[in-house]
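Chemist: The task is simple: from the sequences and hints, build the whole structure.
Order-wise, the sequence lines are chains A and B. Just so you know, we're using the working numbering here: the first sequence kicks off at 1 and counts up by one. Just so you know, we're using the working numbering here: the second sequence kicks off at 1 and counts up by one.
No wet-lab data here; the hints were simulated from the structure. One should not assume that every hint holds.
Here are the simulated EDC-like pairs of lysine to aspartate or glutamate, each with C-alpha atoms no more than 16 angstroms apart in a straight line [what the hints assert, rightly or not]: (1) B/K2 - B/D39; (2) B/K37 - A/E63; (3) A/K71 - A/D138; (4) A/K9 - B/E21; (5) B/K37 - A/D138; (6) A/K71 - B/D39; (7) B/K37 - A/D62; (8) A/K9 - B/E18.
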Amino acid sequence: MVYSAKKLKTLTRGSLALGIAGMALVFWLIRNHTDPIFVAPLRVALGLTVVGLGVWAVFYADEVQRQRAQKLWFWGSLIGIAAMMPMVVFLQTNRPWLDAAVLFVFRHPAMPRDYFSLGVMLPVMVQCVVILILRLRDKLSPGSPS
Amino acid sequence: MKNRLRVLRAEKGWSQAELAERLNIARQSVNAIENGKADPSLPLGIRIARLFGLPVEAVFDDEV
Numbered sequence: 001m002v003y004s005a006k007k008l009k010t011l012t013r014g015s016l017a018l019g020i021a022g023m024a025l026v027f028w029l030i031r032n033h034t035d036p037i038f039v040a041p042l043r044v045a046l047g048l049t050v051v052g053l054g055v056w057a058v059f060y061a062d063e064v065q066r067q068r069a070q071k072l073w074f075w076g077s078l079i080g081i082a083a084m085m086p087m088v089v090f091l092q093t094n095r096p097w098l099d100a101a102v103l104f105v106f107r108h109p110a111m112p113r114d115y116f117s118l119g120v121m122l123p124v125m126v127q128c129v130v131i132l133i134l135r136l137r138d139k140l141s142p143g144s145p146s
Numbered sequence: 001m002k003n004r005l006r007v008l009r010a011e012k013g014w015s016q017a018e019l020a021e022r023l024n025i026a027r028q029s030v031n032a033i034e035n036g037k038a039d040p041s042l043p044l045g046i047r048i049a050r051l052f053g054l055p056v057e058a059v060f061d062d063e064v
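Modeler: Here it is as structure tokens:
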């Protein structure tokens, strides 16, 4: 596959930034997690790296990439919400399944806050999955790069 | 929107990557425009037309 200089620059910088963030994560994981003075700055640094990468990706992308990403996110989110509805209705009308789902995700007996977290996580996760599927479909759809 | 980008590019003997380089956009963007998956903005459309030394309407066709 042939990449343009712009794409190569994006890939190189992205890989470098992810590598640095990854090394920081490894460094953070091997240390004592209970020490807030040590953990807090690294969490902030990681958060800023992730947000920074996202903002940089948006501003560095060209107009066509942005246009296509907007379309994918719009349709992906819409389809994701629609696809989630049967799941939500099923879980709400079948409490044992809902309890089992909470237990499966959080690995401890269900608490009210876990139901809330699951309620927030479900739509976001389904939306992300649908967006990824649409991106894959978009990549594999007929085109003739040369 | 239909366009003649693929034909014009082939006439010049450029690859998608080369054209992308000249326009300072990603190769995937050139591919998307050529396949009608994305429409360029007016400034990019003008840049493309100027690159080929043609008027915009000679590159892009608004008739579906």
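Chemist: If a hint holds in the structure, say so; if it doesn't, say that too.
Modeler: Now the hints, each set against the structure:
| no. | hint | result |
| --- | --- | --- |
| 1 | B/K2 - B/D39 | holds, 9 angstroms |
| 2 | B/K37 - A/E63 | holds, 13 angstroms |
| 3 | A/K71 - A/D138 | holds, 11 angstroms |
| 4 | A/K9 - B/E21 | holds, 12 angstroms |
| 5 | B/K37 - A/D138 | holds, 10 angstroms |
| 6 | A/K71 - B/D39 | holds, 12 angstroms |
| 7 | B/K37 - A/D62 | holds, 15 angstroms |
| 8 | A/K9 - B/E18 | holds, 15 angstroms |
Checked against the numbered hints given earlier, this structure breaks none of them.
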